[in-house]
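Protein chains in written order, with the numbering used here: chain B, 9 to 242; chain V, 9 to 242; chain R, 9 to 242; chain H, 9 to 242.
Warning: the hint list may mix true and false statements.
Put simply, identical chains are the same to the list, so a pair is met inside one copy or across any two.
Derived DSS-like pairs: lysine-lysine, alpha-carbon spacing no greater than 25 Å straight-line [what the hints assert, rightly or not]:
1) Lys60 x Lys229
2) Lys26 x Lys164
3) Lys77 x Lys138
4) Lys77 x Lys60
5) Lys26 x Lys60
6) Lys213 x Lys77
7) Lys26 x Lys189
8) Lys72 x Lys138
9) Lys138 x Lys224
10) Lys213 x Lys189
What the hints contain is simulated information worked out from the structure, not anything from laboratory work.
There are 4 protein chains.
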Amino acid sequence: MLEELKREAYEANIALPKHGLINLTFGNASAIDRSKGIFAIKPSGVDYVFLKPDDMVLVDLDGKQVEGKLRPSSDTPTHRRLFLAFESIGGVVHTHSSHATAFAQAGRSIPIFGTTHADYFFGDIPVTRKMTPQEIATAYEWETGNVIVERFTSAKFDPADFPAVLVNRHAPFTWGHNVAKAVEVSIAVECIAHMALMSLQLEPKLPTIEAELLNKHFKRKHGPGAYYGQTGNC
Amino acid sequence: MLEELKREAYEANIALPKHGLINLTFGNASAIDRSKGIFAIKPSGVDYVFLKPDDMVLVDLDGKQVEGKLRPSSDTPTHRRLFLAFESIGGVVHTHSSHATAFAQAGRSIPIFGTTHADYFFGDIPVTRKMTPQEIATAYEWETGNVIVERFTSAKFDPADFPAVLVNRHAPFTWGHNVAKAVEVSIAVECIAHMALMSLQLEPKLPTIEAELLNKHFKRKHGPGAYYGQTGNC
Amino acid sequence: MLEELKREAYEANIALPKHGLINLTFGNASAIDRSKGIFAIKPSGVDYVFLKPDDMVLVDLDGKQVEGKLRPSSDTPTHRRLFLAFESIGGVVHTHSSHATAFAQAGRSIPIFGTTHADYFFGDIPVTRKMTPQEIATAYEWETGNVIVERFTSAKFDPADFPAVLVNRHAPFTWGHNVAKAVEVSIAVECIAHMALMSLQLEPKLPTIEAELLNKHFKRKHGPGAYYGQTGNC
Amino acid sequence: MLEELKREAYEANIALPKHGLINLTFGNASAIDRSKGIFAIKPSGVDYVFLKPDDMVLVDLDGKQVEGKLRPSSDTPTHRRLFLAFESIGGVVHTHSSHATAFAQAGRSIPIFGTTHADYFFGDIPVTRKMTPQEIATAYEWETGNVIVERFTSAKFDPADFPAVLVNRHAPFTWGHNVAKAVEVSIAVECIAHMALMSLQLEPKLPTIEAELLNKHFKRKHGPGAYYGQTGNC
């Protein structure tokens, strides 16, 4: 069932190593069918080289595996938490891409220093608080989703304005209206992190981008006045 | 019309990801036919993988689209401004190449530290001032061209001596007597930026290159006494 | 004899340049048949491009070459020392991968800053003490093995919990239950080293990962409670 | 004439971009036939993609072009100077490889921090003094060779112990008993420079390698007691 959804999830998963976002088996992508409340996700610990569309595991929003012979990614509860909290998103991607992960490990948000960043995010790419020993000891992957949601709720962030987060000590998660868009955001996050790291080498106290330029760039690509791309809604 | 011009612009555009200068759809190249006052430019937000020569959009120097079904790059007014101000140039390239963009984000020119740099530029690669809220709010992309031109006019820079600029908080623009040369300069800018960043790590107060060595290297490749390459005019 | 073992060692050796872990001929991999007490190792100074399975040299645990026309890697005594001391391992890999070697040259362990690291190691990747002039002057490669073993013995490290080491001033050695796993660990070490270097740029005094998160990540992939991957024993 | 020599020089030249040592047309390799006193060198400013063995230009040790329709590399006098001074070498390579050039631009030798470096060099990779305005104004490329030779003569360096140099503000030159070996050294220099830069980030005051380890590693690959590789004389 849901062959098209599984294919989308599959294509997103294999795009990750192709774009240099994945080392070994660190990473996974999922795509949801909102009408059915079911998402397709990568099986756990399978090499990308051997992955097939049919290996994708189908899971519903209660966390029940509804199809698939393989065990789903161990990060499945994090994906599920995000699909439940962020109702407008259609796909989630998790990578350990090197530069973004360096910020996550350091517990630092990625500061918004230029228009490349502003084309995708309406501010710094946020980092979560550290997880508590109790959160880690119990339903760890579900709680990982919870600290992400907490970060967005407390700051009143719209997930469409901030389509990525860094989990403290861990790595980035991204999302989009579909999983292909979430892959694109993952590429952007890695590239932005690399640039930010170098800008910080040049100017350790570099202030973030001016509000007027941030507004201009984000809005020319997003929302009702958008004029970038062919549809005005890239 | 202008099939050859469109092909040149197309070749330049697809050369950008091939040389690792482009992430996602960040970047564009244009080529002008001076006799007709028309330039060919990449359409907005189209993936490089799917680009065809016929997708190139033709625009005249008044900014009127004269051919093409797709919308031209949102950066088209910046290209047009440069073609109007710098009359000797035949092509313009814009990238967000990572190392050069790191300097642009930090509002720093790329200091001239060695002969690699001196083979292409007669001094530091300049950075513009920041744009004002008013410039950003109105004709943003046209005003981006204006701050570039202002930077060159105020410093009395010849665009042939300085075939690139960093737009503050944004990224590099390059040019050349034709668009293939502008691509070559984009490659050089990225490479020079990378080297400069590392030289600064080694020596944070490194002075720029000695005048006599700058003169020698720039002049052996450019101008009447040039003796590099097969034509003396590389 | 031992065609399968030689093929395994061969596959591991050619995987090293494929994953960007090797420059020139710096590196080697070996696989052991524990029942026979014989291991297969790369011949010394042979270009990876020309390597064939039959070039692998067979050596026993007393250091006697039991098959092969070529001379074994000059690092053979280090491999032998590790096979003797760490009885559970089936393969050893040595590279000079750039980021990990930068730590080794600086005499620094790779600090454990995030979950990528914790998925493979139960703490910092240790570095040996410097070798003494006498150790260097005598059986250098054997003594290289000895300082590794000394590091593990003195700290009571289980080689399964710490499947890699940095030899001071030199480079990393890794191991695993088979040589393919040792290659995987080599990839992980290089990637972890790169991330750690960048995290240190961001936060020079960054503390290492919290104990509870380290435990969680290491244990979800290793040991009796593991639930990552398809077998629970990745 | 000298078809074999031209082919060797050609192979070395096209190996440079293949190994990521060359950006644009920055670089050249030459091979000498000592019995004839003639060397083959890359033509000036020709794209590596279009290079053919027959494009190699033959030049004698007096600097006279003895064959070839194209102009030889503008760096030809530097190569010639090195062939005259260092009588045991059979090939010279010049690149602007990024990490090594960063050291050259900063006027810094590459400090010897580990065994990777010690396998190729018997100490730091030296940097020349800056050239004087007069040296630059007159026979610039010949004088570039002269400052290299001066550096070696004043320090009594054997070119076999130090098969590379950084020209201040410029970039590396390497050499070897043949041009293929000079290419190999160019790869090693770039890799060593990258590692040194990172080790310096970790430990800005890192002392260089201990004398006994330097001796051991250099001597196990070079000279009468060498035991690395298949011939003992790699």
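Tested hints:
no.	hint	verdict
1	Lys60 x Lys229	between (34 Å within a copy, 23 Å between copies)
2	Lys26 x Lys164	neither (34 Å within a copy, 40 Å between copies)
3	Lys77 x Lys138	neither (34 Å within a copy, 51 Å between copies)
4	Lys77 x Lys60	within (12 Å within a copy, 38 Å between copies)
5	Lys26 x Lys60	both (15 Å within a copy, 23 Å between copies)
6	Lys213 x Lys77	neither (52 Å within a copy, 46 Å between copies)
7	Lys26 x Lys189	both (15 Å within a copy, 22 Å between copies)
8	Lys72 x Lys138	neither (28 Å within a copy, 53 Å between copies)
9	Lys138 x Lys224	between (33 Å within a copy, 14 Å between copies)
10	Lys213 x Lys189	neither (32 Å within a copy, 36 Å between copies)
Going through the hint list in order, the structure does not satisfy hints 2, 3, 6, 8 and 10.
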